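Novice: So you can see what is in the structure, the chains are spelled out below.
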Amino acid sequence: MTTSPITRKRVRGGVGDSPLRIDGIPKVTGNFAYASDLYADGMLWAATLRSPHARARITKLDTAPAYAVGGVVLVLTQEDVVGRPGFGMHVPDQPVFADGECNYWGEPIAVVVASDLPTAKLGVEAIDVEFEELEPLTDMEEADARDSQTRRMKIRRGDRDVEGAVVVEGYYEVGQQDQAPLGNEAGLAIPDGDGGVDLYAVSQWVHSDHWQIYPCLDIEPEQVRCHPVGMGGAFGAREDVSMHIHLCMAALRTGRPIKMMYDRAESFVGHVHRHPARMWYRHEADNQGRLVKVEARLILDGGAYESSSNAVIANAAYFAVGPYRCDNVFVDAVAAKTNNPPAGAMRGFGGVQTAFAHEAQMDKLAGELGLDPLEIRLRNALGRGDALNTSGQLIEGSLPTAELINELDAMPLAEPLDSDDARHLPGGTGLTTDPRHVRRGVGYGVTLKNLAFSEAFDDYSDVRIVLSPIGVEVYTAAAEVGQGMVTIIQQLAREVLQIEQVAVVWADTGVIGSAGSTSASRQTQMTGGATHQCAIELREQILAEFGGDDLSGEGVWKDGELIVTLHEVCESGPREHEIRYRHPETFATDENGQGDAHPAWAVAAHRAVVDVDPELGLVRVVQIDAVHDVGRLLNPVAALGQIEGGTLQGVGLATLEELVLDRGVIKNANFTDYLLPTFLDAPHVEVKWVEEPERWGPLGAKGIGEPPTISAGPAVAAAIRNAIGADLIRVPILPQHIVGA
Amino acid sequence: MEITRPTSLSEALDARAQDPGADLLAGGTDLMVEVNFGLAKPEHVIALRRIDEIGEVEDRRIGAGVTWARLEESDHRALAQLSRTVGSPQIRAAGTIGGNIGTASPAGDGLPWLAAVDAEIEVASQARGTRRLRWDEFFTGVKRNALEPDEVIVAAVLPERVPSNQHFAKIGQRSAMVISTVSAVVVRDDDGSVRVALGSVAPTPIRALAAEQLINENPQPTDEVLAEFARTVSAEVTPITDHRSTESYRRHAAGVLARRLLERCLAS
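Line by line, the protein sequences give chains E and A. Residue numbering for the first sequence follows my numbering, starting at 1 and increasing by one per position. Residue numbering for the second sequence follows my numbering, starting at 742 and increasing by one per position.
Keep in mind the hints are simulated off the structure, nothing from the lab. Predicted, not measured: the structure shown is a model, and the values here were computed from it. The C-beta atom is built at its ideal place from N, Cα and C for all residues, glycine as well. Any given hint could turn out to be false.
Said to hold, decoys possible - Here chain A is said to cover these stretches of chain E; the calculated rule only asks that three of the stretch's residues, wherever they fall, bring their Cβ under 8 Å from a Cβ of chain A: (1) 165-172; (2) 603-617; (3) 727-736.
What the hints assert, rightly or not - The following residues of chain A were derived to be distant from chain E, with all beta-carbon distances above 12 Å: (4) 825; (5) 878; (6) 904; (7) 915; (8) 966; (9) 984; (10) 985.
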């Protein structure tokens, strides 16, 4: 790859700066238009009838009473689906509406279109629907036993007969976390009057929506155009289709713009969740603590439909051991299919679950051997030139595990508790705890995550750059979900072209090719990489044409002299260049899970300091010290934001967040009982970076979206165990678990 | 939906008499949640916020319309403490103690304090005028109370003497803005007698009478007596397992919390 050009004077807001986000001030002042703010003249509203049972046969579905409600104009059911009956991220296994049977609580059965939202809801209530309840399958182990699954994944590497001097075993559980983005699902579909439709709905990947939508509508691909919209968070919840096909069907049938908006309770059933997990582990090590063999059995509950379960279970298996060398690894992993709400993508994507287990196992080994927790991790640290413990893939890019561990060890430890202010004590404003009740604990989480798509997926991002005398436009379909992609694109374009005025044009599926999903920690590398490469090629074309050696906002330079102005460069019209950017090719693994499945990885190392009130089981996470593998730091403030936010999401899973299911029914689909951390629950976060450039991507930068979420939770769990001196096998760790430990 | 906006108690009682069972709205922090979840569809709401007569704190009377934000400044220490744990600042600016009493949730943050100080609940109707019920006469079950359909809650009335040595604590899963899984108030009088009240561990707020008796007989308790006190509290509560916590945790935590509050009282 061509390296970044050196220029005489640096443009402001390039790589390494932290320029102000263009969406920052509108968001904090309430002026940003989210999907829920969308409006079109003459629009109608739609609402969804959902299954009240985890599993049931629909014995009667009469929509006539809904039509009798004044203002109702249309009711859609599966009978109205004219094209392919179903959709799905990878396989179209979920019907657009329940097809005779409901397979999970909250599955859409019908959509009512009306003049306004309350009327649409009255229409939903009026539908005459009857069910024959069936016994739901809601236990993932029972599903596994009955061979109800979407993917079995096997890792067979090395020799199963080798034995270590030290053996530790453990069983671990991870509860079901929700992405809980603050912006609920919302969208607007506008018919084009010519049999096509423009869709503006929340999405992490408009092209994937497009590929799933148009076959169900039975129209030509170009007749559906999916547009990026303003979103208040995603975390994986916006990867799957939710209301998208319903909106398009309603718009095409009525010829009117259609708006939908889920409320918080509906959002909890309107998107997929993180997979809950059960995991059995056996680690064997030599008497120096070096891993000899790891065996694991993993079950993740994928719920009623596949969504991205098959990629999630692969990740759980590939990252079952963490960033540690081991030559003998045996993993059996299964994505169970049940009647629980579908599970799919969430930040960390399979790696979160196994990280809790492998880190607990490393601590157990350290305990058996009398080794410091960081020392045992250092002795096993995986790095460039090693083989990945599970797939056997040679690590050619960057993986500075040992450097991260050493940096973490060098960070100063949080000060001892020195306050009787309740806000600094477990229990917080509840005044439960005095300083004398508190025990402090310290724990570590060192974890590994793949970056971008794996297993032979054709992963690319299209970018078009248009240069005119007034500045640069970068066309992309990459979803800005709040993570700051827009600023990274601007910075990379500025860095190469040395032109400060860079606008990002969020283009629809009819204007530009796919940017891939805003997921898998991939957009900085993929769309950032595409922007960087496209800008370099455009710059080189212009310099070659005019015989210059440098480009800036003024024009083309040669030997320090301006030889042609930017206006002259663009005399015959704006300069355009478009590229499709790909990462190094990846491959499907063989039946033993062996092969080159991944383009890159990132490692993270966290230390958690907690104060625990063991008698009441209350925890305050005091501080997280985080060292991150960023390849090359493009924007310090943006990276810090991702790390602080991701860390808090990991802390949330470790201590608070869980969807409580009772026979497939969510009991806490609201923010009163699905508890997210408040600011008072948020630890102080200290961050350090290690910059070891990746072999591809813009200037060697790595994605940073997921690693903090993966590492923080295991570190907190370890710190709580350390404080109370007992095993805790399940997260979230609740007061009753600590008291009973 | 019809909304009546009385500006005096007598107007409110008129409205209530004309439409017994109409929903009463104070801060709306309970009722509007029910409405938003589709669990309540009020046909007639009587909004009480404009009634100055129930919005004041006077000596022994706390008007039903007094908000948590005001009670955070209360001279009654435990009342101020508990008021700071109610929801968020926005909720505390809207929510009232009368609403808490009317909703009669087992988790109502203000209710253990009313039980601990032996408060009375003053209610009024057009037909029968004013009556006062002891707190344990008023709270009859989970979200059930003795308010008649034509009545309005007017005030919480405190006894002549409320000991100043009082402490509150509340367990929730997170550090703020959380519904209690167990809450407790302990009040200690100058003669060493104590009153111990708990929330979220029974259908209504309760007093741990046997535990109180133990301390009244041992006003300077030893560590052994304190341990026995905690065990007695745990034995007296009747919690359930739900999506917020378990029966056994609540039973255990009720004892621990009561003992810690008693220790704070003893150290004061």
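Novice: Next step is simple, just say for each hint if it's right about the structure.
Specialist: Here's how the hints hold up against the structure:
1. Proximity of the region 165-172 of chain E to chain A, defined as three or more residues with a beta carbon under 8 Å from a beta carbon of that chain, is not established by the 0 residues found.
2. Figure legend: the region 603-617 of chain E, annotated as covered by chain A; annotation consistent (3 residues with Cβ-Cβ distances under 8 Å, at least 3 required).
3. Residues of the region 727-736 of chain E with a Cβ under 8 Å from some Cβ of chain A number 3, which satisfies the need for three, so the listed coverage holds.
4. Non-interface status of residue 825 of chain A relative to chain E is broken: a Cβ of that chain comes within 12 Å, the nearest being about 6 Å off.
5. With a cut of 12 Å on Cβ distances, residue 878 of chain A stays outside the contact zone with chain E, its closest approach being about 29 Å.
6. In this structure residue 904 of chain A is separated from chain E by more than 12 Å, as the shortest Cβ-Cβ distance comes to about 18 Å.
7. Separation of residue 915 of chain A from chain E is inadequate, the least Cβ-Cβ distance of about 5 Å not exceeding the 12 Å criterion.
8. Every C-beta of chain E lies more than 12 Å from that of residue 966 of chain A, the closest at about 18 Å, which supports listing it as non-interface.
9. Residue 984 of chain A, annotated as away from the interface, has a beta carbon of chain E within 12 Å; the closest lies near 4 Å.
10. Listed as outside the interface, residue 985 of chain A is inconsistent with that label: its C-beta sits roughly 7 Å from the nearest C-beta of chain E, within the 12 Å cut-off.
Going through the hint list in order, the structure does not satisfy hints 1, 4, 7, 9 and 10.
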